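**Student:** Here is how the chains run, residue by residue.
Protein chains: 2
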Amino acid sequence: MKYTMRLAAGLLFAATLTAQVTSERLLNAAQEPGNWLTYSGTYQSQRYSPLDQITRENASKLKLSWVFQASSLQKFEATPLVVDGVMYLTQAPNDVVALDAKTGRKFWTYNHQLPETINVCCGAVNRGLAILGDQLFMGTVDGYLLALDATTGAVNWKTKVVEYKNGYSLTVAPLIVKGKVIVGTAGGEYGIRGFLDAYDAQTGEQAWRFYTIPGPGEPGHETWEGDSWMTGGGSAWVTGSYDPELNLVYWGIGNPAPDWNGDVRMGDNLYTDSAVALDADTGKLKWHFQFTPHDEWDWDSVQVPVLVDREFQGRMRKVILWGNRNGHFYVLDRATGEYLLGKAFVHQTWNDGLDEKGRPKTRQAAAPSIEGTKVYPGVQGGTNWYSPSYSPQTGLFYLSVWEYASTYHKNDPIYAEGHRFLGSLPRRVEGDPGYGAIRALDPETGEMEWEFRMVEVTNSGLLSTSTGVLFSGSNEGHFLALDARNGQEIWRTNLGGRAYASPITYTVDGEQQISIAAGNALFTFVLGE
Amino acid sequence: MKYTMRLAAGLLFAATLTAQVTSERLLNAAQEPGNWLTYSGTYQSQRYSPLDQITRENASKLKLSWVFQASSLQKFEATPLVVDGVMYLTQAPNDVVALDAKTGRKFWTYNHQLPETINVCCGAVNRGLAILGDQLFMGTVDGYLLALDATTGAVNWKTKVVEYKNGYSLTVAPLIVKGKVIVGTAGGEYGIRGFLDAYDAQTGEQAWRFYTIPGPGEPGHETWEGDSWMTGGGSAWVTGSYDPELNLVYWGIGNPAPDWNGDVRMGDNLYTDSAVALDADTGKLKWHFQFTPHDEWDWDSVQVPVLVDREFQGRMRKVILWGNRNGHFYVLDRATGEYLLGKAFVHQTWNDGLDEKGRPKTRQAAAPSIEGTKVYPGVQGGTNWYSPSYSPQTGLFYLSVWEYASTYHKNDPIYAEGHRFLGSLPRRVEGDPGYGAIRALDPETGEMEWEFRMVEVTNSGLLSTSTGVLFSGSNEGHFLALDARNGQEIWRTNLGGRAYASPITYTVDGEQQISIAAGNALFTFVLGE
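Protein sequence lines, in the order shown, are assigned to chains A and B. FYI, in our numbering the residues of the first sequence are 1 to 529. FYI, in our numbering the residues of the second sequence are 1 to 529.
Each hint should be verified, as a subset may be incorrect.
Unchecked claim - Restricting the straight-line Cα-Cα distance to at most 25 Å, the calculated cross-link-like pairs of lysine-lysine (DSS-like) are: (1) A/Lys61 x B/Lys63; (2) A/Lys286 x A/Lys357; (3) B/Lys343 x B/Lys361; (4) B/Lys357 x B/Lys284; (5) A/Lys178 x A/Lys165; (6) A/Lys106 x B/Lys357; (7) B/Lys178 x B/Lys61; (8) A/Lys63 x B/Lys61; (9) A/Lys63 x B/Lys63; (10) A/Lys160 x A/Lys284; (11) A/Lys178 x A/Lys286; (12) B/Lys178 x A/Lys61; (13) A/Lys357 x A/Lys343; (14) B/Lys106 x A/Lys63; (15) B/Lys178 x B/Lys158; (16) A/Lys284 x A/Lys357.
What the hints assert, rightly or not - Covered by chain A, per the in silico footprint, the following chain B stretches (three or more residues, Cβ under 8 Å): (17) 39 to 49; (18) 101 to 114; (19) 495 to 507.
Keep in mind the hints are simulated off the structure, nothing from the lab. As the structure is a computational prediction, the values presented were derived from the model and not from experiment. All C-beta atoms in this analysis are idealised placements derived from N, C-alpha and C, irrespective of residue type, glycine included.
Modelling step: build the complete structure from the supplied sequences, incorporating the hints.
**Tutor:** In structure tokens:
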């Protein structure tokens, strides 16, 4: 393969970087698998690619094409976008980079400077961009939503969404729906009151806000004792999904605050740990489903909602598949929120299963205590925010799981604006390391079809392809290709760093590429000759 | 290719990490090309490998085997060592890491903490390790020489070599000769008095010191006016070579201080900008050759001395090949220091050639001036410290060159211990970017056989192999395989970061591997299936 230097790239630059990503293209993203137009690939968020050049037979021939090394040692949690040969990605915390998706050559970098001191729960990270027209959209750790010119990286508009000094921040990759830019706030560990916001993509003006915690007079407000709703958490830091037919936006809502001590917030604490379905035009709540009422273990439900149209219990249904941090796999009807199935996918000791409505039968004895209570799963959950994948080809749902326990301690949290609001920290259980795995579940039953064991959970998301390959990264630094039918390993290579984001696949000049971030770099592979 | 997890590695660990690198093995390093036992591969420092699996025909099939990502954003200037399947390398500034050379799996890390504030000219970097017996040796930026247990990373001994507060530091990879650990000091920009030191590898006790600037009563002292010798520079920050038959250690000596203003140090300023040949047992000077007397352009002569036994002008000779920062290529007799050949390899305007003794005919008009003097080559030189390579197979000498100019400014430097001691800073010439290249020279004539052009100079060293492949990295982030006969590109891949060190090659389980550091990571490649 002959490499062509693109140095005298003035003209080529202009040509390559003109990307008109219309709303129509976003709706039909599945029809152009050569691009990766949204955080989860399409509005259905299946992270499934119809591309078929890389197969079970030849995946072991993958060879490195190019590397992008970030000038940051922060976690690389961003999923890139690819539009017509150009890759857009964020470099932690909030730089934006445009690259030639074929060679890795940089077109431009936008540098966003953060304040010197800033409170963040889990690293000054960013999970990616959204694109519409010729604009890229990014939320920043210091609370802004930015629109950048995709051809130059210049800032078109900048809207202040949250006050970072009060513990709020934006780390989520925005979701574009019908000309609006939807973002949620992070900061669940800081006693915030969470929300989802929509902004006009052209002007940056706010279109609607949905508070994840209902205010006085609103339904659900009664699930918060006293003033606890004001500092109740309910962040929304992972990107949601969209069903154009139903015109509903689906989003996963984070844990209630404070963590690990529910005494100061008696009640179910809606809509924390819930899936919410919002009218895309108004942000009004259509339905909700709460996975874990009155959570005391940090069962953030920020997972990506995976939208699937398939036969379920004998008839075609529009469902959501959800591998929850609380260790249960759920199937919901996405028109109504009806609970269809729930099934534990990891060992757990905090409940006696789910009732007929899907509500967990919580064990009193599993509550955090001053002396510490050992509970399965551990504090990072049975899974976490890592993107799952659904393959229409195998009909299986793939997720990253962690079989382990934590000892949950409890104390009296004190709230102070902009500071951590926690009921003590859980600890690992000595001598009981557990293990991680990638598991394939049958959505019909929730039963495990196979697992691929690892030392630890992988923080990486998953990607399935029409050729029956499942890609993921590992905490040991490996990039893995598995047989999606049975979990057999096809290929691995050691990238030297943890994968905190999801692999994507795309084409340039007709050639299938596969990219994954690991450590502080993004690696792109192509098939060897 | 099936990958075998090496997790239950207790036993394997002990077995793999027992490396008895005797003095005998170092002497005969060329006989075991599957290992890389010294900074430059062998005592001759040719960076030539007899390994023959990777050829001109198949180099385009190289695929990524594993990556090591450094937890540092400092420049990755270290060449790794490989001993019997274990790779040892330094992570900037002074961590030492032992890896499985086949998989990249980490065995151990030694962390060296530097003082919070430390003055260094060009980054808190390190160029690598030396090994003898079961001990690794490393110089530190804060001035220590350490001996580590190669099986565990534990510190066996620690000797203070220099006082970092006075501007000295150790960045060089040590050279082991006959049970002694030889290091030179960096700090030429801080008005130090440079030296080379030898320490007993077992005890860490000093064996000898050679001051690169002669003191009162010593020959050469008269080449420094007044007290200028006391702050005259003469650093030694790149590893030398060794001829066991002659029992001579060869080392390149850095620039005089202050840079860019010689008025305060009238005279030739021996042994700055010189090659020195020292008795390995005593450190006594056997001969010297000064490339640039009374240097005012920063013509550091720290280049790796490349020792070659070949026919030269009709008879077999033991020569040194030297591509000097001042822009000339030299051939010296290494028994006597006799000047045999000198030839410009880049455009230059600071001299009218060399006289019959090899002394440059310096142009007065080229001296730095208050208004600025434009001179070719630019301040980084025609080449710099980047390791060259000599291939006995092609008979060619390969080096990284830079065709460009700087404007050299002059002012009155003020000396203060531990602070920079400079005569103003040179500047790039607007509108005259120049270009970099890898060039192949015929040692018989100094004539260029071919060049491979690049945008900028490469900071990477070179590696040639018996199959006629020449490897290097580039400042644009590419790892390159060239045809050593004619400079034609065989293969490149974009590693996303500048290469500041040299590629090496080795074998594990009989399979040839090739490693290069670029950006903040080290990449290892093998042939695809």
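**Student:** Work down the list of hints and note, for each, if the structure agrees.
**Tutor:** Tested hints:
1. A/Lys61 x B/Lys63: Roughly 8 Å separates the two Cα atoms, so the pair holds.
2. A/Lys286 x A/Lys357: Judged against 25 Å, a Cα distance of about 18 Å means the pair holds.
3. B/Lys343 x B/Lys361: holds (13 Å)
4. B/Lys357 x B/Lys284: OK: B/Lys357 and B/Lys284 at ~23 Å, within 25 Å.
5. A/Lys178 x A/Lys165: violated (32 Å)
6. A/Lys106 x B/Lys357: Given that 25 Å is the threshold and the Cα spacing comes to 49 Å, the pair is violated.
7. B/Lys178 x B/Lys61: Cα-Cα ~41 Å, so violated.
8. A/Lys63 x B/Lys61: holds (8 Å)
9. A/Lys63 x B/Lys63: OK: A/Lys63 and B/Lys63 at ~5 Å, within 25 Å.
10. A/Lys160 x A/Lys284: holds (22 Å)
11. A/Lys178 x A/Lys286: holds (18 Å)
12. B/Lys178 x A/Lys61: violated (46 Å)
13. A/Lys357 x A/Lys343: holds (13 Å)
14. B/Lys106 x A/Lys63: holds (23 Å)
15. B/Lys178 x B/Lys158: holds (20 Å)
16. A/Lys284 x A/Lys357: holds (23 Å)
17. 39 to 49: It is violated, with 0 qualifying residues against the three required.
18. 101 to 114: The restraint on the segment 101 to 114 of chain B holds, since 3 of its residues have a Cβ under 8 Å from chain A and three suffice.
19. 495 to 507: It holds: at least three residues are needed, and the segment 495 to 507 of chain B offers 3 whose Cβ sits within less than 8 Å of chain A.
Checked against the numbered hints above, the structure breaks hints 5, 6, 7, 12 and 17 and satisfies the rest.
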